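Protein chains: 2
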Amino acid sequence: MRDFSADHRWQSINTATVRAQWPLDRIIIECAQRGIRAISPWRDQVAAVGLERIAALLRDTGIELSGYCRGGMFPAATPQGRQAALDDNRRAVDEAKALNAACLVLVVGGLPGALSGRPDHGDLARSRTEVFDGIAATLAYAREVGMPLAIEPLHPMYAADRACVNTLEQALDICDVLDPARSGALGVVVDVYHVWWDPKLEAQIARAGRARLLAFHVGDWRLPTRDLLNDRGMMGDGVIDIPRIRGWVEAAGFEGYSEVEIFSALDWWQRDGAEVLDTCIARHRSAV
Amino acid sequence: MRDFSADHRWQSINTATVRAQWPLDRIIIECAQRGIRAISPWRDQVAAVGLERIAALLRDTGIELSGYCRGGMFPAATPQGRQAALDDNRRAVDEAKALNAACLVLVVGGLPGALSGRPDHGDLARSRTEVFDGIAATLAYAREVGMPLAIEPLHPMYAADRACVNTLEQALDICDVLDPARSGALGVVVDVYHVWWDPKLEAQIARAGRARLLAFHVGDWRLPTRDLLNDRGMMGDGVIDIPRIRGWVEAAGFEGYSEVEIFSALDWWQRDGAEVLDTCIARHRSAV
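From first to last, the protein sequence lines stand for chains A and S.
Be aware that the first sequence starts at 1, since it is given in our numbering, and climbs by one per residue.
Be aware that the second sequence starts at 1, since it is given in our numbering, and climbs by one per residue.
Rather than coming from a laboratory, the hints here were simulated on the basis of the structure.
All figures in this text were calculated on a predicted structure; none of them were measured in a lab.
A portion of the hints provided could be inaccurate.
As the list claims (entries may be wrong) - Just some of the chain A residues that point at chain S, by a computed CB distance under 8 Å:
no.	residue
1	Leu99
2	Ala114
3	Gly117
To be verified - DMTMM-like, lysine to aspartate or glutamate: derived pairs with alpha carbons at most 20 Å apart:
no.	chain 1	residue 1	chain 2	residue 2
4	S	Lys200	A	Glu144
5	S	Lys200	A	Asp176
6	S	Lys97	S	Glu64
7	S	Lys97	S	Asp60
8	A	Lys200	S	Asp176
9	A	Lys200	S	Asp173
10	A	Lys200	S	Glu64
11	A	Lys200	S	Asp60
Think of the CB as a built atom: it goes at the ideal place given N, C-alpha and C, for glycine as much as any other residue.
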């Protein structure tokens, strides 16, 4: 297992972590100043500054993309809606390619309309079928372009509104059907926040293996968790045994970045961005 | 599948649903007045009124117990703490027997101390081992007494502080080891609120079969869910396809009560108790 205690060369920052404080160009500069070598930005953050400017800043600073957030959100109430989602995923693949991302992260979607509080239906099995079909269609294009797709199983508390792929086993079942050759074109994100509770986690990480492990995200589960979406903890402030899970991931062959992703309207988004980044670096050494 | 639309003869009320409004003796009387034939009370509610008085009221009204809440909470930081939990579970078995409950529900516990926000450790695997051992020890006594134990897998968002058994598959794996003969002494609770998201739910319900399906709980998943513990929805107010899950449970042979259990500090606990019970009855006909 790699020693993270002495430096942060394998740390990436998911830029949602400081999205409330800074635009993406500033985030990149702040990361570069701290010797952070990789980030994972969100599409809306890129669009707000402009793809060309971000691409230039990445070239200038030498910062890599451990992933690009995000594709997915495949289910829709109508064929038109599903086609629009596929079109949007093609654009996401293109942007990820333009930024030379290691993978495009897929947050697959849940019940259509649920994010607005008014789901079009309650048929989770239907959404899961649409997710499978959407990944299959997007994978065909992503293979052409050469952009790996990384399915991120989300915590079951997001099954209705954000992602109906909720365990690593479920994500890997999809991978096995769509990429039986384990080509590297399709894999998974292991985000400890989403999967730490899973009694089958160790076995499923081993099953995934190096070919399927495309990204590793860290954060922590606070006690109490005061909000379902925006109360993620800084590593070390919660109950997740992150080193143990990282040990499993590395034993399976993963050698990539460890990406800090913290949505925290109740705490970290209220602090100074420099404090947040400096804390991420310190905690990545002590608690990851 | 049974027709619930014309009457509520198979409806039970988990008495937590109106715990904010009434003491248990009043709850029993209110249920009896509405033709509700079964309840599932909590130990603290029984203790507040007195076991003898509750037993007498149940006899007088003819109301049965679809379950008794609850045993469990096995993990502890010390051997003394684990022994105290076992002793307490024996008392819970005795109370369940005195009240002639159909089963004792087990909410197995998570990381010791986590409910208070200060967990003694973050070793979920250790807690799971202690849970297994605790169930095994309690089962030996419960078999003597003749009280079935029903493991309730809780939603993964409660893995740290309430229950580290988080899927039906995990609960059934424990049952298979401790009661391979499927004697009826050990089984599971299927609460739709906790398990509705699980992609393996249908298959695991079939695996459980009649011998392991000891209780069926209903409620709903609200959008948005504003609190991790106390924002459960009334049936029909959320996204869970309850009839579909009930269909699976009944196809597996379950013929017992369907128990309404709603923790709702943000809504139903603020309403008049009569309105809550009447709504439970109406929704049990239309949405279960």
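Now for the hints, and whether the structure bears them out:
1. Leu99: violated, 32 Å
2. Ala114: Hint holds; A/Ala114 Cβ to chain S Cβ min 6 Å, cut 8 Å.
3. Gly117: With a minimum Cβ separation of about 5 Å from chain S (threshold 8 Å), the hint on A/Gly117 holds.
4. S/Lys200 - A/Glu144: violated, 33 Å
5. S/Lys200 - A/Asp176: Since the Cα atoms of S/Lys200 and A/Asp176 sit roughly 17 Å apart, the hinted pair holds (cutoff 20 Å).
6. S/Lys97 - S/Glu64: holds, 12 Å
7. S/Lys97 - S/Asp60: The given pair, whose Cα atoms are some 18 Å apart, holds under the 20 Å limit.
8. A/Lys200 - S/Asp176: With Cα atoms ~17 Å apart, A/Lys200 and S/Asp176 stay inside 20 Å; holds.
9. A/Lys200 - S/Asp173: Holds, at roughly 12 Å.
10. A/Lys200 - S/Glu64: Judged against 20 Å, a Cα distance of about 38 Å means the pair is violated.
11. A/Lys200 - S/Asp60: Since the Cα atoms of A/Lys200 and S/Asp60 sit roughly 48 Å apart, the hinted pair is violated (cutoff 20 Å).
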